[in-house]
Amino acid sequence: MNAFLQSTVYGLLQGGLLALVAVGFSLVWGVMNVINLAHGAFVVVGAYVAWQLNEWLGLDPFIAMFGSMAFLFVTGYLVQRLLVNLVVNAPVFITLLLTFGLDLLLTNGLIMIYSGNYRAINTSYALKSLALGGVRVPVGRLLGCLLAVACSLLLVSLMKRTRTGLAIAATGMDRGAARLMGIRARHIYALTFGIAAALAGLAGAMLATVGTFSPADASKYTLFSFVIAVLGGLGNMYGALAGGLLLGLVESWAGQYLSGTLVNAVAFGLLVLVLVARPAGLLGRPFYESRLEV
Amino acid sequence: MAAESRVDVTGKPAAAPPTPADEPDGWRRLRPATPWAIGAIAVLAVIALQTQLYSGQVRTVSTVLMFIALAQSWNILGGFTGYASFGQVAFFGLGGYSTAVLMAKAGLSYWMALPLSAVIAAAFAAVIGLPLLRLRGHYFAIATLGVAEGLREIVINVPRLTGGGAGISIPVVGKHASTAYLGNDTFYIVFLVVAAATTVLVGVLSRSRLGYGLRAIRQDEAAAAAAGIDTTRAKVTALVLSAFCTGLVGSVYAFQQVTIYPERLFDVQITLLMVMMVVIGGSGTVLGPIIGATALQALSEYLRANFTEVHTFILGAIIIAAVIILPQGAVFFIRDAWRTRRLPLLDNVRTYRL
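Each protein sequence line maps, in turn, to chains A and B.
Residues in the first sequence are numbered from 1 upward in steps of one, following full-length UniProt numbering.
Residues in the second sequence are numbered from 1 upward in steps of one, following full-length UniProt numbering.
It is possible that part of the hints are untrue.
[Claimed, not checked] Pairs of lysine to aspartate or glutamate residues, derived as EDC-like cross-links and limited to a Cα-Cα distance of at most 16 angstroms, are as follows:
1. A:Lys220 / B:Asp267
2. A:Lys220 / B:Glu263
3. A:Lys220 / B:Glu153
[Stated by the list, open to error] FRET-style restraints, in silico, Cβ to Cβ:
4. B:Gly183 / A:Thr8: 54 to 64 angstroms
5. B:Ala337 / A:Trp56: 50 to 60 angstroms
6. B:Gly183 / A:Leu57: 53 to 63 angstroms
7. A:Tyr125 / B:Ala166: 35 to 45 angstroms
8. B:Gly56 / A:Gln6: 53 to 63 angstroms
9. B:Tyr212 / A:Gly176: 44 to 54 angstroms
No wet-lab data here; the hints were simulated from the structure.
All C-beta atoms in this analysis are idealised placements derived from N, C-alpha and C, irrespective of residue type, glycine included.
With the hints as extra help, turn the sequences into a complete structure.
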């Protein structure tokens with residue numbers, strides 16, 4: 001029972017971080033119908049920016065994460081404005097391939113600058129753990145998870161309350177009509193991509209604090225984002241949070257009771273099952289499933 | 001969004017086709033045979049090329065031929081039908097592992113294992129095809145990706161059969177070898193045969209009833225169904241054919257490599273390369289995948305040889321540029337340039353940009 005409780009807590013903590021990794025991916029997919037294969041690379045870039053700031057200035061990762069977010073927001077905005085916007089109306093696999101090229105560029109750029117070695121940001125507190133009634137809770141993961149949940153909730157309220165948020169949602173639903181209402185779709189798309197990249201950068205800074213990272217991790221995070229976005233479904237801002245927590249729990253439980261790398265097989269099996277049974281995802285709106293490809 | 005998206009898939013402007021009356025009589029009768037004649041000459045040329053190469057180059061050209069076969073296989077489903085399979089490598093890996101297991105554990109000869117492996121891959125495709133082909137667009141892409149990743153994990157986790165993460169070796173020398181190693185020169189011919197066979201299959205398909213049905217599905221699936229095409233059956237047939245060819249290539253690759261690992265045989269990069277080659281060449285055409293595979297593989301080899309440190313970096317930049325300038329593929333690009341007598345370099349950007 002204790003082992004079960006421990007793995008549940010660990011799964012929820014990991015799931016919160018994974019949700020933060022995926023929330024930007026899910027946003028971009030829902031609004032622009034673009035699958036960003038470079039999302040995992042953005043996460044890793046965020047980790048490197050935080051690590052670099054920590055090396056140079058000795059910044060605490062919870063402050064350095066603002067540097068990651070700012071850097072990736074600018075990068076994301078420019079990438080969408082100058083590259084992805086050029087092919088956004090082309091058939092499905094064109095944007096997939098474009099972001100795949102971007103992923104190669106970023107990942108190999110990082111390898112050229114920093115080599116492929118694993119790194120981590122060391123802090124005095126992240127690896128300590130609290131004991132709560134026999135269950136150990138690592139401090140770094142707890143802080144990261146709380147921050148991730150807070151960010152997801154903040155994003156939801158921003159999307160619902162602010163004019164910019166509403167403009168993003170409107171552009172996602174019907175771009176033609178949104179433009180007629182005076183929304184600058186090019187800017188809104190770039191802004192959405194920038195926000196998604198900034199969230200990825202934040203997630204990267206957190207992941208660098210609680211564990212190790214290297215350029216090779218990029219594809220892993222892209223894949224996680226995929227799974228979470230599909231599990232949660234598009235069009236519901238809580239979808240990524242729910243999908244992330246679910247994936248974290250499933251992986252943690254499978255890790256507890258199954259052997260070795262069968263954990264991943266379980267995750268992908270779950271993905272295929274959900275897709276076949278309920279293609280709109282667990283919380284998604286059917287609209288996003290029935291939408292034609294742009 | 002729907003109103004803006006009504007762009008012709010190939011993005012080609014209307015141009016008058018050459019009128020048949022312009023052509024001499026005998027030439028018109030010969031015309032349908034010309035692609036086959038050119039194909040036969042190309043195959044002979046590749047055989048002749050082999051005598052001019054040293055062994056390292058033989059291996060390089062073999063890889064090009066392998067990717068032509070893979071790109072053609074992906075083309076059947078992704079190009080003609082418009083269902084972008086991002087888990088095509090599942091059939092490649094399944095074909096390779098079937099061959100390795102059949103030869104190493106069951107002691108079958110290679111020439112038995114080769115067709116069996118392709119059939120196993122095709123059967124697997126038939127099983128997963130029915131539920132997965134109900135999904136469309138990105139969802140189909142991700143579901144197939146999930147299948148490929150899941151299959152890799154399963155292969156890793158049954159080490160008694162597959163050797164697990166440590167890989168499995170096909171016995172090629174000594175008493176246990178059911179078939180002796182073929183050697184680079186024979187593999188060159190085998191890959192050539194497979195590439196030519198898949199190309200012929202795609203050529204026949206593109207003029208067949210099924211091929212037209214698949215194209216109709218790509219343009220509008222509901223309309224295709226209304227026109228009397230059994231869409232489910234056509235899609236599953238396309239997937240099974242595609243998986244059969246991919247499994248065949250996987251089997252040859254496994255025997256060529258002798259020792260195979262799950263990480264290599266189920267590498268998602270192989271799928272992405274197939275997609276890339278078809279899209280750059282021209283999806284839904286016979287010639288496109290050949291052009292795409294040859295160009296991309298040659299470029300990749302050149303960069304690897306000359307800019308070892310940064311070759312993937314440059315490749316990434318080239319992919320981005322190619323996708324922006326040539327989203328409809330080289331075949332359509334050249335055709336448009338030929339018909340309109342000008343280079344439509346930025347037309348695609350004008351069509352597809354926001």
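Quick rundown of the hints versus the structure:
Restraint check for Lys220 of chain A and Asp267 of chain B: the C-alpha separation of about 13 angstroms stays at or below 16 angstroms, so the hint holds. As the CA atoms of Lys220 of chain A and Glu263 of chain B are separated by approximately 14 angstroms, the hinted pair is consistent with the 16 angstroms bound. Restraint check: the Cα-Cα separation between Lys220 of chain A and Glu153 of chain B comes to about 14 angstroms, which is no more than 16 angstroms; the hinted pair holds. Judged by the Cβ atoms, the range 54 to 64 angstroms given for Gly183 of chain B and Thr8 of chain A holds: they are separated by roughly 56 angstroms.
Against the hinted window of 50 to 60 angstroms, the Cβ-Cβ separation of Ala337 of chain B and Trp56 of chain A comes to about 51 angstroms, which satisfies the hint. Taking 53 to 63 angstroms as the suggested C-beta distance range, the pair Gly183 of chain B and Leu57 of chain A conforms, at roughly 60 angstroms. Remark: the range hint 35 to 45 angstroms for Tyr125 of chain A to Ala166 of chain B is upheld by a beta-carbon distance near 40 angstroms. A beta carbon spacing of about 55 angstroms between Gly56 of chain B and Gln6 of chain A agrees with the range 53 to 63 angstroms that was offered as a hint.
Evaluation of the 44 to 54 angstroms hint for Tyr212 of chain B and Gly176 of chain A yields a failure: the beta carbon distance comes to about 32 angstroms.
The structure is inconsistent with hint 9 alone, although it conforms to all the rest.
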